Amino acid sequence: MSSVSFLQRLSSAFREKQSRFKLVLICTAVSGGGLLAYGESVAPEEIITEKKKVVVLGTGWAATSFLKNLNNPKYEVQVVSPRNYFAFTPLLPSVTCGTVEARSIVEPIRNIFKKKKVDVQFSEAECFKIDAENKKVYCRSSLNNNLNGKEEFAVDYDYLIIGVGANVNTFNTPGVMENCHFLKEVEDAQKIRRTVIDCFERANLPDVSEDEKKRILHFAIVGGGPTGVEFAASLHDFVNEDLVRLYPGIKDLVKITLLEAADHILGMFDKRITAFAEDKFRRDGIDVKTGSMVVKVSEKEISTKELKSGGEIKTIPYGMAVWSTGIGTRPFIKDFMTQIGQASRRALATDEWLRVEGCNNVYALGDCATINQRKVMDDITAIFKKADKDNSGTLTVKEFQEAMKDISERYPQVELYLKNKQMRNISDLLKDVKGDDKKDSIELNIEELTTALSKVDSQMKFLPATAQVASQQGTYLATCFNRMEECEKNPEGPLRFRGEGRHRFKPFRYKHLGQFAPLGGEKTAAQLPGDWVSIGHSSQWLWYSVYASKQVSWRTKALVVSDWTRRFIFGRDSSSI
1 MSSVSFLQRL SSAFREKQSR FKLVLICTAV SGGGLLAYGE SVAPEEIITE KKKVVVLGTG
61 WAATSFLKNL NNPKYEVQVV SPRNYFAFTP LLPSVTCGTV EARSIVEPIR NIFKKKKVDV
121 QFSEAECFKI DAENKKVYCR SSLNNNLNGK EEFAVDYDYL IIGVGANVNT FNTPGVMENC
181 HFLKEVEDAQ KIRRTVIDCF ERANLPDVSE DEKKRILHFA IVGGGPTGVE FAASLHDFVN
241 EDLVRLYPGI KDLVKITLLE AADHILGMFD KRITAFAEDK FRRDGIDVKT GSMVVKVSEK
301 EISTKELKSG GEIKTIPYGM AVWSTGIGTR PFIKDFMTQI GQASRRALAT DEWLRVEGCN
361 NVYALGDCAT INQRKVMDDI TAIFKKADKD NSGTLTVKEF QEAMKDISER YPQVELYLKN
421 KQMRNISDLL KDVKGDDKKD SIELNIEELT TALSKVDSQM KFLPATAQVA SQQGTYLATC
481 FNRMEECEKN PEGPLRFRGE GRHRFKPFRY KHLGQFAPLG GEKTAAQLPG DWVSIGHSSQ
541 WLWYSVYASK QVSWRTKALV VSDWTRRFIF GRDSSSI
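Position 299 of the sequence shown, counting from 1, maps to 299 under the UniProt record's numbering, and the rest follow consecutively.
It is worth saying that the hints were derived from the structure and are not from the lab. Note that the structure is a prediction, hence the values are computed from the model and not measured. Note that CB positions come from ideal geometry on N, CA and C, so glycine has one too. Accuracy of the hints is not assured; some may be wrong.
[What the hints assert, rightly or not] As a list, the in silico EDC-like pairs of lysine to aspartate or glutamate whose alpha-carbon atoms are at most 20 Å apart:
#1 K52 - E488
#2 K375 - E409
#3 K289 - D279
#4 K386 - E402
[As the list claims (entries may be wrong)] Derived DEER-like restraints, expressed as beta-carbon distance ranges:
#5 G501 - K419: 25 to 33 Å
#6 K114 - F153: 19 to 27 Å
#7 R346 - D279: 32 to 40 Å
Build the full structure now, drawing on both the sequences and the hints.
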């Protein structure tokens, strides 16, 4: 037993001190006696005299991705967020119907950074003011204990990372905040789940009239984007696969309506997916109303303006309404935008390196920000001067090709334009302007170069407000912080066309990895890179594998997979707990 106890203590010591290397030497003396010599070699640790203070606001996709990938011990990180966990938001529609439990898609934020070399501290509080001039953020405790939620404190920073996401956007529609459910947080999904069950229980009471039962069991979803479509599909499966067996007397009274102001649902997807989704929903009995703009929501009715019928106003009785359309700016972000001269914008404007315009050492990423991509036409004169190395007043193909890599890195719309026009390189673009078969002999002055690139900026696009974008931005920014000193000495970014030298880092580039639209009935639509579209059961299994692999920990991976398995065997949980 003593040897077992010794091994257990040794194993425990090894796990706690993994950075140290133990060396045990057994030496045999000449006399035949045994000698045990123990030596400890400690890996040298770099002495850091002064650490830069990095304050991270939020624990969503962008902030968590940044924290996961930051590994430079020269920073002291303070995380401030009203929630002490990361939530895998793409699975929120599954939580609303009991397919996945809420606990399975959340990971305590301290678990994510507890084993990192970086000094990270967390405060459960919400930021209510940013003072960029004095490099301070003012926060308020979000705990409802003896602090009464009123304790306020200030945090100094050297670098500020804003990743607070966004609020729902009601478009100032009367009654939305008071009468609609939303689907942005775990608490929202849990509330929707309880409300769905409560609607069935109320409709099942003996003294409720037939008309009232129909109203109570009418579920209205406003917004035909990915979240609204997936929730409608999940609710349809929940009702038809689980609840109809428990409430047989009222199963024929259930109605699901999807309201969309545009002409089609899933407008950001391929037209083939849009057409399939609309057709499937109609076959499943989901009432898809396109061209219906919600203008008012009362306690029991939704008023819509029918754009296809000349603006006719109609009313729809409902039992539960879910608002899933658009995102809005958080109040303290609006105040900050006013402070830095961005009051007219809908989100924080950053440059291509995610730095907030008008601020020093402040970065914004995720849904609260948008990248303000610089236009080629704004810098056309500077580009010409940099490329014209011999100062001849004209550009040859060779001169332009030498600058092309930097131009494409700094202005990604150039590469997109060439690709869409099926041009192999810049020579084809110049030839298109000059009409010269001898491409090597082409020379352009600044007016001709302006003409050649005049349509390039039409390829500029805003990035979608998705988890995929936010996650990639967090990873990119962490990589920049990890290599900050190295790139200060050896910049690796493109040329500064309006200045000297190079930018420290390459600008952020979003790489689209595809998107899913679960449509119910174990069928999913997938739009993947290369304009590849897949719809059906195979895409559903791809969805399962991707969403399981993207979980932030092995714990949540195991829980999500077990929830899916439980649902296949036992069905969804229909309790209102």
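- Output the numbers, in ascending order, of every earlier hint that fails for this structure. The structure breaks none of the hints.
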